[in-house]
Amino acid sequence: MLTTADILKKVRELEIKSKKLTTDLFTGEYHSAFKGRGMSFKEVREYAPGDDIRFIDWNVSARFGHPFSKVFEEERELTVMLLIDVSGSSLFGTVNNRKRDMATEIAAVLAFSAVNNGDKVGAILYSNKVEKYIPPRKGKQHALFLVRQLLSIQSEGKGTYLSPALKLFQNTTRQRSIAFILSDFIDANYSESLRVSANKHDVVGIKLYDKMDRFLPKVGLLKVEDAETGEQKWVDTNNDLVRHEYEREFFRITDYCNEVFKKSAASLLHIRTDEDYVKVLQHFFISRNK
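With the UniProt record's numbering, the residue at position 34 of the sequence shown is 34, and numbering never jumps.
There's no promise every hint is true.
[Stated by the list, open to error] Cross-link-like lysine to any residue pairs, in silico, SDA-like; alpha carbons within 20 Å at most:
hint: 1; residue 1: Lys-223; residue 2: Lys-207
hint: 2; residue 1: Lys-140; residue 2: Glu-13
hint: 3; residue 1: Lys-207; residue 2: Ser-191
hint: 4; residue 1: Lys-211; residue 2: Leu-269
hint: 5; residue 1: Lys-218; residue 2: Asn-199
hint: 6; residue 1: Lys-10; residue 2: Lys-218
hint: 7; residue 1: Lys-233; residue 2: Glu-247
hint: 8; residue 1: Lys-9; residue 2: Ser-193
hint: 9; residue 1: Lys-17; residue 2: Asn-199
hint: 10; residue 1: Lys-9; residue 2: Lys-20
hint: 11; residue 1: Lys-17; residue 2: Gln-141
hint: 12; residue 1: Lys-200; residue 2: Lys-158
hint: 13; residue 1: Lys-207; residue 2: Arg-272
hint: 14; residue 1: Lys-200; residue 2: Lys-17
hint: 15; residue 1: Lys-10; residue 2: Asp-101
hint: 16; residue 1: Lys-120; residue 2: Pro-136
hint: 17; residue 1: Lys-167; residue 2: Lys-218
hint: 18; residue 1: Lys-207; residue 2: Tyr-256
hint: 19; residue 1: Lys-158; residue 2: Phe-92
hint: 20; residue 1: Lys-207; residue 2: Lys-218
hint: 21; residue 1: Lys-10; residue 2: Glu-225
hint: 22; residue 1: Lys-207; residue 2: Arg-288
hint: 23; residue 1: Lys-167; residue 2: Phe-145
hint: 24; residue 1: Lys-200; residue 2: Glu-231
hint: 25; residue 1: Lys-158; residue 2: Glu-225
hint: 26; residue 1: Lys-167; residue 2: Ser-152
hint: 27; residue 1: Lys-279; residue 2: Lys-263
hint: 28; residue 1: Lys-207; residue 2: Lys-120
hint: 29; residue 1: Lys-207; residue 2: Asp-274
hint: 30; residue 1: Lys-20; residue 2: Gly-118
hint: 31; residue 1: Lys-19; residue 2: Ser-193
hint: 32; residue 1: Lys-279; residue 2: Glu-15
hint: 33; residue 1: Lys-262; residue 2: Arg-252
hint: 34; residue 1: Lys-218; residue 2: Glu-192
Hints were generated in silico from the structure; no laboratory data involved.
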């Protein structure tokens, strides 16, 4: 368990790294990738050749005796919600990072990208229930608070159940918003909740996985424990059939996740704990602008 000093140190490290990434890489991409709520009236100016005649302000034009046009601008303020899996399986990791560590770092980058663009950011931390709800607000201090909460949370639940988190998101977020879901998506009963959320909001899933989620190492007889149920069993990792079934279960979960997100018309990214998530996010932001 991290001490208060450890948490503050880690928050500072994430702040520095996120600030550099958002400044060097994500500022333009993030801004362009996520559009505002619509167009709002900005001002009236004298008509210029090429202006859309539909936007002529006839009242002002009549008053001054020559045409004036209404000028509109995009409403940029957005609400970004981070739905972050803090279940038992999020603590698994064998190379570089645990899933929770990577989720925290990605969440920090997304939070600072949002506040740097003047957007609100909030979070829902969940296991098999909602562990913590952080209402969306603006500002750097709020982003730091969010990251601090993510670093210090000790979840009560061990399992993964996304639906309650999605339902809370739907019930507390009235206007169209962006939701990033960071999870390994081991849960298998979230299709309807995701469909309802994605119908109203811009939903982006980020599926985090470890190399050993797919490949079981050959180390002989091994006692393993399910991080979410606590069930223990002995596994012969040298057995080809055992290794094949293990990998097949990984692809079953992955295929289900891909299918659910595709049917919901939501975006889904796959990031392994030893991969460069920066490149994956940047490519995603750029691809949305095409």
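Evaluated hints:
| no. | hint | verdict |
| --- | --- | --- |
| 1 | Lys-223 x Lys-207 | violated, 27 Å |
| 2 | Lys-140 x Glu-13 | holds, 14 Å |
| 3 | Lys-207 x Ser-191 | holds, 15 Å |
| 4 | Lys-211 x Leu-269 | holds, 16 Å |
| 5 | Lys-218 x Asn-199 | violated, 44 Å |
| 6 | Lys-10 x Lys-218 | violated, 35 Å |
| 7 | Lys-233 x Glu-247 | holds, 18 Å |
| 8 | Lys-9 x Ser-193 | violated, 37 Å |
| 9 | Lys-17 x Asn-199 | violated, 34 Å |
| 10 | Lys-9 x Lys-20 | holds, 17 Å |
| 11 | Lys-17 x Gln-141 | holds, 16 Å |
| 12 | Lys-200 x Lys-158 | violated, 29 Å |
| 13 | Lys-207 x Arg-272 | holds, 8 Å |
| 14 | Lys-200 x Lys-17 | violated, 33 Å |
| 15 | Lys-10 x Asp-101 | holds, 11 Å |
| 16 | Lys-120 x Pro-136 | holds, 5 Å |
| 17 | Lys-167 x Lys-218 | violated, 42 Å |
| 18 | Lys-207 x Tyr-256 | holds, 12 Å |
| 19 | Lys-158 x Phe-92 | holds, 12 Å |
| 20 | Lys-207 x Lys-218 | violated, 26 Å |
| 21 | Lys-10 x Glu-225 | violated, 29 Å |
| 22 | Lys-207 x Arg-288 | holds, 18 Å |
| 23 | Lys-167 x Phe-145 | violated, 24 Å |
| 24 | Lys-200 x Glu-231 | violated, 39 Å |
| 25 | Lys-158 x Glu-225 | holds, 13 Å |
| 26 | Lys-167 x Ser-152 | violated, 24 Å |
| 27 | Lys-279 x Lys-263 | violated, 26 Å |
| 28 | Lys-207 x Lys-120 | violated, 23 Å |
| 29 | Lys-207 x Asp-274 | holds, 13 Å |
| 30 | Lys-20 x Gly-118 | holds, 17 Å |
| 31 | Lys-19 x Ser-193 | violated, 33 Å |
| 32 | Lys-279 x Glu-15 | holds, 19 Å |
| 33 | Lys-262 x Arg-252 | holds, 15 Å |
| 34 | Lys-218 x Glu-192 | violated, 39 Å |
Hint compliance for this structure: hints 1, 5, 6, 8, 9, 12, 14, 17, 20, 21, 23, 24, 26, 27, 28, 31, 34 are not met, and every other hint is.
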